[in-house]
Amino acid sequence: MTTSVSDLSFIQQILTRYGMSTYVAFGNFGNLLTIATFCQREQRKNPCLLYLLMMTICNLICLDVGIIPTIYSLYHVDISTQSIIYCKLQFYIRHAFFQMMRTFKVFACMDRYAISSTNVHIRSLNTYKMAIYLIITTALFWLLAVIFFSYVRTILNGSCNIQNGTYLMIYTIYYMLSAGLFPPLLIVFFNTLLIRNLKGLRSRIQPIRDNAENKQSNNMLKKRDRDLMKMVSVEVMIYVVSTMPFSIYLIYKMITDSFTKSREQQQIESFINYITQSFLMYLNTAMPFYIYILTSSSFRQACKRVLFKFYALIMRKQLRNLHNSDQTMTIQN
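Number 98 in the working numbering belongs to position 98 of the sequence shown; there are no gaps in the numbering.
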């Protein structure tokens, strides 16, 4: 048993050193390219793309703030166990932006449901003005809401965590509800409504229908909207599947917290916590770009345009420098 436990510790180090390092590199590249794509003028006015843009910004921050210090601690002293300010601040930034990201996922699903609806009031949720309002409100809410849980974190026995038993119980319940229960349930809820609406729209699109209704239905199902539906649906499906194990682990931990556990059992639970909370959770922040590339031809075309613009910008700069260099040599001669 001791050998297997030490193997788990070795596996965790390997996953952090090579696995996390790999998806941090690919994740940063993908997130930056996604941000550049969604920041294009023709993309910014779409409410769903605005939610996806904010999700990507949150992914980038969570990935770098959460994983880079973890990789750094493999080779150096873990700063979060040495500085109480860093301990609180890192958790604050990481947790606030993770919660924003989860909320924006729900809003993206809600937006796809709204655009597929024939109800005027529901479709009013699919507006640029509404998206801006929800984004600002969400950011302010989570930046304020997580202050308390950051404040009560302390350093004890080389661990930056909530040490007070009552506060820890409150945080566990809060996290289980706000991260493990409500976001997946709302995502499944809106996607179920979306599927129902799409089935209804298909049955309505008949030649004998009124032209205005046909036009409205066809607009709802235009290619970019269908691509966005696929992008959002696949991403949130992967998110739900990959975050469900941690929700189950939290429930198990709450039930068994008062039990007497051996050192080996505690180390096994620590490894499970690492896989479900750290490895899989942060992997989510690195995957969206590759999901979008695989599921959306519109996104692929938009990425190509961004890369061509970037290439043209570099070439113009090189030609300008070459021209200036030629002029300088001419003057000197």
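Treat the hints as calculated values from the structure; they're not laboratory data. Incorrect hints may have been included.
Claimed, not checked - Below, in silico cross-link-like pairs of lysine-lysine (DSBU-like), each with a Cα-Cα straight-line distance of 35 angstroms or less: (1) K45 with K230; (2) K199 with K129; (3) K45 with K199; (4) K129 with K304; (5) K45 with K129; (6) K253 with K129; (7) K304 with K199; (8) K88 with K261; (9) K261 with K129; (10) K304 with K45; (11) K88 with K309; (12) K199 with K230; (13) K45 with K309; (14) K304 with K230; (15) K88 with K304.
Please read these numbers as outputs of a predicted model, since none were measured by experiment.
- Query: Hints broken by the structure, by number, lowest first?
  - Reply: 6, 9, 11, 15
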